[in-house]
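Colleague: Read off the chains here:
Protein chains: 2
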Amino acid sequence: MQDNARRQLRQLLGPENFLEEREDCLTYAFDASEGACLPEAVAFPETAEAVSEILAIANTHRIPIVPRGAGSGLTGGAVPLSGGIVMTMNRMNRIISVDTDNLQAIVQPGVITARLHAAVEAKGLFYPPDPASMDICTIGGNLAENAGGMRAVKYGVTKDFVMGLEVVLANGEIIHTGSRCIKDVVGYDLTRLFVGSEGTLGVITRAVLKLLPLPEGKQTLLAAFGAMEAAAQTIADVIKSGIIPTTMEFMDKHCIRAVTQYQDTGLPVDAEAVLLIEVDGTPHAIETGIKRVQAVCTANRALSVDVARDVADQERLWQSRRAIHAALGLVWPRWEEEDIAVPIARVPKMVRRIDDIAKETGAFIVCFGHAGDGNIHVSLAPHDKNTPHEALTQARAAILKDAIALEGRIAAEHGIGLIKRNQIGWNLDAPTLNLMRQIKGLLDPNGILNPGKVFPSTLTCSAPFGH
Amino acid sequence: MQDNARRQLRQLLGPENFLEEREDCLTYAFDASEGACLPEAVAFPETAEAVSEILAIANTHRIPIVPRGAGSGLTGGAVPLSGGIVMTMNRMNRIISVDTDNLQAIVQPGVITARLHAAVEAKGLFYPPDPASMDICTIGGNLAENAGGMRAVKYGVTKDFVMGLEVVLANGEIIHTGSRCIKDVVGYDLTRLFVGSEGTLGVITRAVLKLLPLPEGKQTLLAAFGAMEAAAQTIADVIKSGIIPTTMEFMDKHCIRAVTQYQDTGLPVDAEAVLLIEVDGTPHAIETGIKRVQAVCTANRALSVDVARDVADQERLWQSRRAIHAALGLVWPRWEEEDIAVPIARVPKMVRRIDDIAKETGAFIVCFGHAGDGNIHVSLAPHDKNTPHEALTQARAAILKDAIALEGRIAAEHGIGLIKRNQIGWNLDAPTLNLMRQIKGLLDPNGILNPGKVFPSTLTCSAPFGH
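Chain order of the listed sequences is A and B. Going by full-length UniProt numbering, the residue at position 418 of the first sequence is 418; the numbering climbs one at a time, nothing skipped. Going by full-length UniProt numbering, the residue at position 180 of the second sequence is 180; the numbering climbs one at a time, nothing skipped.
Identical chains share a label here; the pair holds if one copy fits it or two copies do between them.
No farther apart than 27 Å at their CA atoms in a straight line, the calculated lysine-lysine pairs in the DSS-like style are these:
no., residue 1, residue 2
1, K291, K123
2, K154, K210
3, K154, K218
4, K291, K154
5, K154, K123
6, K253, K401
7, K123, K349
8, K240, K123
9, K349, K154
10, K253, K240
11, K240, K218
12, K210, K349
13, K349, K240
14, K218, K291
15, K210, K401
16, K253, K349
17, K359, K349
18, K240, K154
19, K359, K253
Keep in mind the hints are simulated off the structure, nothing from the lab. Since the model is a prediction, treat every value here as computed from it, not as a measurement.
With the sequences and hints as input, model every part of the structure.
Modeller: And the structure:
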């Protein structure tokens with residue numbers, strides 16, 4: 001970074017909002033992926049105007065800018081590959097309004113997702129997107145990554161709750177997409193272009209989010225199956241029954257065994273698959289829904305169907321799902337992870353294919369995830385100490401290719417980032433990928449916004465450390 | 001159009017799919033707006049490949065292309081302002097699949113909306129968008145205009161049901177946006193860029209649409225109020241009560257009087273506003289919902305609350321709403337129309353403002369529309385034979401300005417097209433409009449796609465006729 005640029009930024013932000021010491025920069029070298037790279041400075045803008053001025057300076061001096069929230073991303077989206085400035089949005093953390101009359105909230109990007117949940121629920125409203133990291137991640141990060149979660153089956157993902165955005169472009173211009181109106185056909189819909197663009201097209205400084213009335217209650221059911229096929233058929237039959245559950249989570253046999261070794265879950269010892277299903281709504285809708293789901297489970301020869309007796313008992317049923325990460329951590333410390341999606345009804349086929357891939361490659365593979373929305377999280381480990389690392393690499397590639405063959409996607413809710421940038425072309429045809437590149441070129445002609453991400457690239461870290 | 005281009009197109013499409021006679025072209029000079037302009041030819045492609053070849057030829061020879069469906073648009077979007085070729089998508093009218101397992105349909109653009117409704121409902125599924133023209137309009141037109149309808153209160157508009165698109169770009173390249181997966185973060189979300197782009201960015205040749213389970217039933221309630229304020233408060237209170245009705249339609253006093261003169265509606269003679277509210281779901285949800293809505297109406301001193309006794313009786317209640325166009329037609333043959341949106345809770349304020357504008361300008365103004373989603377349809381006529389036409393022009397401008405002051409939009413569900421192209425800058429700040437223009441320039445560098453639409457322009461019809 002040139003000295004005059006540094007001086008301008010110091011003057012603009014002041015010493016509290018512009019950190020240049022190596023130890024400060026180190027903290028912002030990482031996200032929750034394995035990637036790391038040292039930035040030259042960390043900026044903490046407090047207003048859209050400050051973001052605009054930072055970007056104008058950066059654009060003039062060709063300084064890379066990596067916007068970030070909590071850094072809980074799993075694909076390296078917030079790793080500052082080319083150094084430059086990490087722009088942390090956490091100090092823009094105001095919930096500007098929670099509007100009960102219009103069912104919407106206006107927020108700054110640094111608001112922690114769980115804080116928004118609490119704020120709107122206190123007013124009888126509901127913001128459904130619930131990424132697993134919701135206690136630490138921010139709305140800005142959720143928007144940039146189009147974060148998903150467990151409630152997507154019924155409610156959709158982050159993009160389905162964004163009505164409008166304020167975005168600062170690479171050249172410092174501030175634009176406004178969408179509006180506070182349900183119906184709005186004034187010009188092109190630019191909102192979705194920025195949602196999920198992983199900080200490569202602009203910096204989101206405000207969002208109008210759509211809210212729903214808070215469901216009156218919810219109920220949980222855990223069903224264990226002796227065969228994968230039976231669980232898979234249950235998922236399909238529930239969807240066909242006209243009930244859309246809030247969540248429909250799935251654990252395979254390896255996952256069940258890991259969790260059972262970790263804690264007493266009370267699951268049948270011969271369970272090959274578990275479904276954890278939640279239904280929400282009015283007491284009557286919950287009762288009807290749970291009964292129908294129960295009947296579908298029984299018709300598909302569930303080994304056990306456990307309906308929570310009360311709110312506290314719901315927690316008990318969720319324990320096995322929540323224990324997955326800790327339980328898998330005891331089995332193997334450094335799992336590799338994939339995050340794929342297929343059309344809902346193809347989840348069983350995909351899970352069977354993953355089982356075959358494990359056998360073919362010698363990788364040890366565990367599946368769990370959001371079966372009801374077609375999103376499977378795949379964790380890979382060496383089968384034993386003789387398993388070569390290529391087995392895992394080979395297995396991961398095979399999983400992505402098979403997902404694609406089923407009209408699926410190589411990234412469902414964790415982004416493309418750094419980790420999958422060179423596989424993106426597997427999922428997108430050349431003219432489509434080319435148009436995306438052209439849009440990137442139009443919005444960020446100097447390539448200052450999060451360089452080296454999303455698109456195929458050989459760019460590596462400009463400032464590795466600790467080696 | 002150059003002779004060699006004509007020859008290429010004749011050869012490509014054959015005489016049945018490429019019409020050049022003046023009488024054939026005349027049919028495609030119009031849409032449902034007042035605009036009209038004669039094209040030089042009409043093309044009827046039957047495949048995406050044909051669309052691609054037509055566009056490649058047109059792009060090379062700089063021939064304007066105006067894609068259209070049924071031509072039921074109200075803002076001149078399908079009027080071929082620069083002549084060239086009208087590309088009618090009606091022969092690409094296959095419902096490729098209705099997938100009950102994955103809750104989605106794959107369709108070509110020429111499918112009539114009501115035909116899709118029937119096809120999916122026969123399988124117990126539901127495609128909510130219901131523009132008033134649904135018996136004749138096409139899905140392609142709905143996508144290009146981001147069509148709304150009455151069920152937007154609960155379900156949203158066309159854009160909320162699009163998972164993916166096949167689009168032919170101006171240069172003939174075929175791209176694929178989105179996918180068949182609920183969760184998908186592979187690259188930029190280009191789907192919404194094309195939905196609502198009014199044929200100016202590309203030609204949609206296939207769509208993956210999201211479906212829902214068909215609600216088990218529905219129930220209708222008609223409430224009459226002695227004061228606008230009471231009706232308005234009812235709308236707000238219903239939304240706050242935690243019930244989201246399927247539809248919440250509104251008619252003002254002028255509208256009620258016109259309809260009452262036209263047919264016996266049984267409405268109280270002193271009614272100043274009417275709400276027509278529909279609730280759908282399970283029988284229990286309907287019963288609970290209608291009771292709660294009824295209570296809200298009563299608490300707001302409704303003059304009458306009429307709940308349909310059965311399905312046939314629901315039709316009776318809908319009669320007054322359906323009679324609006326015919327009834328207004330008897331009052332005045334050539335109404336001018338506006339289509340605005342405001343945040344839901346600001347509907348009462350907007351309706352009061354419109355009342356004031358009528359008084360201030362001397363225009364006669366009738367309001368009805370989708371109060372539950374903030375969309376008001378405003379019909380304007382001269383107050384009497386002495387009213388100058390400027391009064392209407394002045395009133396329309398004042399309505400748009402006041403909608404904007406309430407954070408509303410100058411176009412809700414009828415597009416910008418030709419009619420509002422010079423007002424779009426009232427609603428969009430310069431950097432935002434500029435980015436939209438740049439995107440247009442990127443996707444259609446030769447400006448062949450629907451020239452003169454959406455953006456401010458002085459382009460007038462190149463081939464007027466009948467004068």
